[in-house]
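Whenever a hint applies, use it, and build me the whole structure from the sequences.
Taken in order, these protein sequences are the chains called A and B.
Note that numbering that gives the first Met the number 0 has the first sequence beginning at 0, numbered continuously upward.
Note that numbering that gives the first Met the number 0 has the second sequence beginning at 0, numbered continuously upward.
I should point out that these hints are in silico values taken from the structure, not numbers from a laboratory.
Worth double-checking, as some hints may not be accurate.
What the hints assert, rightly or not - Take a look, some chain A residues computed to stay more than 10 Å from chain B by CB distance:
# : residue
1 : 10
2 : 52
3 : 54
4 : 65
5 : 117
Said to hold, decoys possible - Pair ranges (Cβ atoms, derived):
# : chain 1 : residue 1 : chain 2 : residue 2 : range
6 : B       : 55        : A       : 43        : 38 to 44 Å
7 : B       : 120       : A       : 36        : 34 to 40 Å
8 : A       : 122       : B       : 365       : 54 to 60 Å
9 : B       : 365       : A       : 69        : 45 to 51 Å
Computed from a predicted structure; not experimentally measured.
Even glycine gets a Cβ: it sits at the ideal position worked out from N, Cα and C.
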Amino acid sequence: MSSVARFWRKIPQRYNLVGTRCATCGRYFFPPRNLCPDCRRAGKIVEHRFAGTGTVVTYTVIRTASEQFEQMTPYVLAVVQLDEGPRFTAQLVCRPEEARIGLRVRPVFRRISADGESGVIHYGTKFAPGTP
Amino acid sequence: MRDVAVIGIGCTPFGEKWGSSFRDLFVQAGTMALEDAGVAGEEIGAMYVGNMSAGRFIEQEHVGALIADYAGLATAHIPSTRVEAACASGGLSFRQAFIAVASGLEEIVVAAGVEKMTDVGTGVSVDALAGAADREWEGFVGATFPGLYAMIATDYMNRYPLTREQLAQVAVKNHYNGARNPIAQFSQEITIETVLSSSLVADPLRLFDCSPITDGAAAVVLAPLERAREYTDTPVRVLASAQASDTIALHDRRDISTLDATVAAGKRAFEMAQLSPRDIDLVEVHDCFTIAEICAIEDLGFCRKGEAGRLTEEGVTALGGDLPVNTSGGLKACGHPVGATGIKQVCEVVQQLRGEAGRRQVDGARIGMTHNVGGTGATVAVHILGV
Chain A
0 MSSVARFWRK IPQRYNLVGT RCATCGRYFF PPRNLCPDCR RAGKIVEHRF
50 AGTGTVVTYT VIRTASEQFE QMTPYVLAVV QLDEGPRFTA QLVCRPEEAR
100 IGLRVRPVFR RISADGESGV IHYGTKFAPG TP
Chain B
0 MRDVAVIGIG CTPFGEKWGS SFRDLFVQAG TMALEDAGVA GEEIGAMYVG
50 NMSAGRFIEQ EHVGALIADY AGLATAHIPS TRVEAACASG GLSFRQAFIA
100 VASGLEEIVV AAGVEKMTDV GTGVSVDALA GAADREWEGF VGATFPGLYA
150 MIATDYMNRY PLTREQLAQV AVKNHYNGAR NPIAQFSQEI TIETVLSSSL
200 VADPLRLFDC SPITDGAAAV VLAPLERARE YTDTPVRVLA SAQASDTIAL
250 HDRRDISTLD ATVAAGKRAF EMAQLSPRDI DLVEVHDCFT IAEICAIEDL
300 GFCRKGEAGR LTEEGVTALG GDLPVNTSGG LKACGHPVGA TGIKQVCEVV
350 QQLRGEAGRR QVDGARIGMT HNVGGTGATV AVHILGV
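What follows is the structure, encoded as structure tokens:
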């Protein structure tokens, strides 16, 4: 079981897709980075809230999960490319047979997992098919 | 930099070793390697130990010292260092030992790897292994290790002509080889039907596409090439040692289906050895999943992207083929005690180059390669060995 702070500090990113952008080269980062890999120390990192619309790059259906996610199987896991460019990993809220490469998706706020029966409940962003 | 040789190897049988503890395993492998090399404990200058997650698997950290202690070397105060790079821990341990000898700092160095994985339940081990990927942005949302490789497979099969049967053939071939390796976890041959009728783990990967959870340890002894014949008649030279990094998360890769760290480490290794893929007689690649072997064969430069499935189907990578891949049975059939795997790969290549591989011997093998991956490709170690 992890401390509350570990997840509390990530709330803006996980709930509202607040990431970063390098003002020097214009590249977007989600998950956020505090150092631009292209400009490094010459980069200037600013906050950016992503629209959240994107496209499925690749996916799978998880049938055997770790203990925290066992009760949710089968669930669809995907790499989603946000329209601003960055890619990240998220669950899709759809039936396994609906998932496909190129599927347009929109963000939805969902419960992700819980630290046992008495621990912290983790919320975050999943993606559903369609546009907002 | 001076030339380095492997002068001794030792590897425990791999499998679910309920009767053996973490320390039983590494003492067994280490003793075998020292006996094979004819080296006395007090001659050892340093030890490196590849271990991914003793903290999660047996709730023990500080395993460098533990191993020195139970190897009977604590009173000699030999420096012992744990090396961690997830499933590439063994490959990096070997590389650190190589650097120590090549630099001239040390003479006789042991490179070992050990993992005791079955003292926890499957749920805990699946979660511990997920720590090889990005915990905050992959594991947090429910990504498992098979799930990440399954997403590589989905992308790959969408772009290249790889059939489900060709993918299954990787496991069939590796079980065939494993059935000829006395230390392998699985001694049964399987068919394509076995793979295709096994349960789905993460689509399109099924149970028989996945390497198992394994206990085991392996160790090798390194010495300067110029002194190797004091210890053995069959020294095996380390022709190249290369390592490369990439993004920790799969989603940040330039190309989902190409392990750029494999490409980089492979190129560096071939340059260092002044060899090309055509010169390699056999290769142990990191087949944690069947799709990983397909990618490895291509990314190391043995064929073009998209061709490895056909080569596998045609038997090119089988025992007796032009490029035998994973003669040990690979991670799939020999087993995958994560920290030990990179060292076991070296043991297999050394056995082959000495001509001691029995029923899985590659005739006339003179140059072999090992390829060890951490995570989904964030760390890769490649070594070339020759006689």
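Which numbered hints does this structure break?
4
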